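Colleague: Sequence:
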Amino acid sequence: MALVAGPRQVGKTTTCRELADVYLDWDNEDHRELILAGPAAVAARAGLERLADRPIRIVFDELHKYRRWKQFLKGFFDTYEDRVRIMVTGSSRLDVYRRGGDSLMGRYFLYHMHPLSVAELAGRPLSNTTHVAPVRLPEAEWQALRVFGGHPEPLVKRSSRFSLRWRELRTQQLLREDIRDMTGVQDIDRLAVLARLLATRSSDQLIHSSLAKQVRVSENTVRSWVATLSSFHYGFLVRPWFRNVAKALRKEPKWFLRDWSGIADVGKRTETFCACHLLKAVEGWTDLGLGSFELHYLRDTQKREVDFLVVRDEEPWLLVEAKQGAAGLSPHLDHFQRQTRAEHAFQVSMDADYVDTDCFSRTDPVVVPGRTFFAQLL
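Add 245 to a position in the sequence shown, counting from 1, and you land on the number used in the working numbering.
Check the hints yourself; a few may be wrong.
[Unchecked claim] Think about it this way: if two alpha-carbon atoms lie no more than 30 Å apart in a straight line, the pair counts; the simulated DSSO-like pairs of lysine-lysine are: (1) 458 <-> 496; (2) 513 <-> 492; (3) 513 <-> 458.
These are calculated hints, taken from the structure and not from any lab test.
Small disclaimer: the values here were computed from a predicted structure and weren't measured.
Taking the hints into account, I'd like the entire structure generated from these sequences.
Modeller: The following block contains the structure:
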């Protein structure tokens, strides 16, 4: 089975329905009655008793709302495994629901769906390697992605007024519906205050004690709420890497929003754009079985810093510094590359013109265009 997790309104249901022969939605009363009738009833509806030239593809949407959804899937899969391919989607928190006493273990792979990226819009095909030759993204598409973000609806409409209302409604639904209904958080109003504060601090180091004073809750509560917002894909944490780095910071993570389109500060927007693309790449490469990838950042007590470090199979592999314009090459890239022995060190310039050359052909610190670098990722 494939469990598909990702942010709200990123296109999980739409994409899976395009691939499906049979679509069942727990929020549809007729579909709910069919699921409650048991695996045999669903199999009859899908025509699994008939000879077919390939397995039938079934999508179960919002199935996590069924209290016994794991038991249902386990029984259905074990009975009809050779005749069916199953996709489960619907909740932004599906990857959290699967944890703990996981009766489905060994029966599924988890896949992460992210907003659209440079590589996707440019038509870059999936590959059995971590990167391929870059493909030029048309200028209008590049600018639209930077302004309106990668969520399909605002990106397609390209209206500032629509995007503003869409972001507000999406945040409200996330807080007032998803989190309130699916967690034990009761003080939604103060959680909303924390979410507004975090919306202005994308790419900043997260100081829980400072946030706790502003929201007027305990530090442990802030930590719990940040974890909740992260699990519902409102944002994500990037933690420092300190192995083999002298005097490296070890504690404070950096916070990033999942949607860069509402960030007013140009520098924060640039770094968040880069962070979202790198997160999509590391989770995608891991999902595709190309290795175990993690995203970190580097900073030491002398305030030398590199924005991102991609770790591959527990070894530093790729250093990335995000810049808006054509700044001089940061000396911190060379410093940390020598310490970590990372294979690549890129300073990504968002304003630089596209260059039709493989960034990964270089192993020394080098300035690369964002248009080129992001087109080589997922």
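Colleague: For each hint, tell me whether it holds in the structure or not.
Modeller: Comparing the hints with the structure gives:
Note on residue 458 and residue 496: the hinted pairing holds, with a Cα-Cα distance of about 19 Å set against a maximum of 30 Å. A threshold of 30 Å between alpha carbons decides the hint, and for residue 513 with residue 492 the separation of about 26 Å falls inside it, so the pair holds. Between the alpha carbons of residue 513 and residue 458 the distance comes to roughly 23 Å, so the proposed pair stays at or under 30 Å and holds.
Hint compliance for this structure: no hint is broken.
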